[in-house]
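Asker: Chains E and A supply the protein sequences, listed in that same order. Residue numbering for the first sequence follows the working numbering, beginning at 0 and increasing consecutively. Residue numbering for the second sequence follows the working numbering, beginning at 708 and increasing consecutively.
One should not assume that every hint holds.
To be verified - Covered stretches of chain E, as calculated for chain A (at least 3 residues, CB under 8 Å): (1) 86 to 95; (2) 169 to 180.
What the hints assert, rightly or not - Label pairs and their computed distance ranges (CB to CB): (3) Pro893/A <-> Asp90/E: 54 to 64 Å; (4) Glu48/E <-> Pro958/A: 29 to 39 Å; (5) Gly91/E <-> Ile939/A: 40 to 50 Å; (6) Leu50/E <-> Val874/A: 47 to 57 Å.
No lab work stands behind these hints, which were simulated from the structure alone. For each residue, glycine too, the CB sits at the ideal point set by N, CA and C.
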Amino acid sequence: MSDRSATASAPVAIEVREVRKSFPVQAERLTTLKERLVKPSAWLRQEAEKLEALREISFDVNRGEFFGVIGRNGCGKSTLLKLLASIYSLDGGSIRVAGRLAPFIELGVGFNHELTARDNVLLNGVMMGLSPAEARARYDVVIDFAELHEYTNLKLKNYSSGMQVRLAFALMMQADADILLVDEVLAVGDVAFQEKCIDSLERMKRSGGTIVLVTHDMGAIQSHCDRAMMIEHGEVEAIGDPAVVSARYLQLVFAPEEEMEAAPLDTGPERGAEFTAAWLTDGEEARVEAVSAGEPVMVNLTVRAHGDIPRLQALLELVNNPEGVVIARFPIGYGGEIPPISAGEELTMRVSLDASGLRPGSYRFHYHLGTADRLYDRSSEPLALRITGADPGESLVDLSHRIEIEGGPPEGDEG
Amino acid sequence: MYLLWVMSLTEFRMTFHGTVLGYLWSLARPLLTFGVLLAVFTQVFRLGAEVVNYPALLLLNVMLFALFAESTNRAVTSLVAREEIVRRTQFPRLVVPLSVVLTEVFNFTLNLATVFAFILLYGVEPRWTWLLLPVIVLALLMITVAVAMLLSATYPRLRDIALIWSVMATVLFYGTPVLYPIEVTPPTFQDIVQVNPLTPIFEQAQKWIIDPNAPGALGASEGSEYLLFASIALYVGICVAAVRVFFREAPRIAEEL
Ligand SMILES: Nc1ncnc2c1ncn2[C@@H]1O[C@H](COP(=O)(O)OP(=O)(O)O)[C@@H](O)[C@H]1O
Ligand SMILES: [Mg+2]
């Protein structure tokens, strides 16, 4: 916590003031001469309709800060990062960046797929401002980090997307940048690599670097970011404490206000998907409604799709009874783990949780189903869970912990 | 600067990667064109007889034109082809068309030895004016870079450019004194060709490298100097337009891919 107040007064690394960016939208892009001749108005750029990707965004990122950016797909996160990296030009406002910046946009640093990993590392190294000699010197470090020793002479087009992201991330870490812009790196790659990424970002931060991380992983936002910002429709919706901002995000994604009041759910003929069953099982996969304290519990949710949904998301919430305090949230599919599902298909999601921290008592699970911007279904009847056992304690949860006691005769002069 | 160099080198290696004969291809292509043209114009049209050292001239011209044509052709799509890099990183966009041209310069330089070997073989005598070749190449490079910049910057928004340019390049091949020295053409045709900014370059190359008695850029336009001025004006105009268009488009290119 002292950490956070320290960074709040630190000098500003990125200053964004009233930044606007819009893109011309055309029903179909007129990119050939014939189309332009047939539709002469297209020559006049001003007449083109505008899609306002960012409208008057202002914020600061302090030096040494780990800054999270969240928001639904298409809200303008990548556009913002591209503006920060001056890959796109500003329509209005100003951006000031103090220090050298390395972008990692939309899962990559810009590879040439016809080249081998080796050539790509050298080319990109130079592109990021290293001299050819420096780039060669760091080549081994990059390959080590990415753990791709066996594949250095393979052309990039034969790499899996996970491998490409590893390489790109490893490269970016070698760019000697003061500021890293990281877009959705946590969305692909295996868990081990994701942890490695987070670790190295943390290390970078400790040595004074500034990090701007775009992710849909609220866990990462809450556990690593000093501050977070949520963008909605190209505007800053919330900024500040990561816990608050990510709660706002989940709230917005799963229960958009308009829908809560007027049309509660995306039901009706084009309703995308719904829950067909929900039940609890114990360690032996037997249906249960109660388990004794310390036993594992699995929440099973069956979903049926009515349309083709490329990226389904679900959110499971554990709430205590009767107060309704949310004890834990389990986002499912936020990193794209749920495969695309098409009309008529069913799938079952199973969340196994270690409930050993739950005190005996009564709880319930709420569950929601949707995509990044729609809500399809929500638990009509919460799933009840009873934890049996003695000792109905005063606290909400039991956190596993260890107690150590130091002291005795003083050894140093600390006190 | 480093970036330009590294990009060109990788590009150069990539062109030949996976081909058996490697670099030899870049030599074989213009040589093959040369062989065919030589056969057609000396055997079928008997043009060769009127011109001093026609085969040597033809070869030199074909190589010079290849530098221009290959560079500009590949420049058209160069920014779009590097979409991955352009969309994700910020670097001077100019590096991209420049690296394409530079790659072709590598090729050209390697081919030069062969060209001069042939020229000597055909009995042209070495002259001090050979040392002026860099001036010719530089003049040609300026306009090549300018055209490359224009094409690469407009292509992302106007995809017709690729088709238009492939036709234009063919027109230019015949509208530039590559196959013929300008003196041997009929007057009306001559007037048109004179305005082509590439013409003075090729005319001067003939005078300095192949035949000191050839008219050269100035001599060829005698009596109609205004045409030479027009072609120089066009040359400068293209260069200025290229710089303005390129730097106006550069910041937006990443959005338009
Ligand atoms: N180069 C572009 N041309 C046209 N529209 C674009 C371009 N880049 C982004 N957009 C639009 O801007 C909006 C924001 O996109 P983006 O920043 O990629 O969102 P996200 O938050 O998912 O990263 C989207 O509606 C997208 O279609
Ligand atoms: Mg994005």
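Asker: Give me the numbers of the hints this structure contradicts, sorted from smallest to largest.
Answerer: 2, 4 and 6
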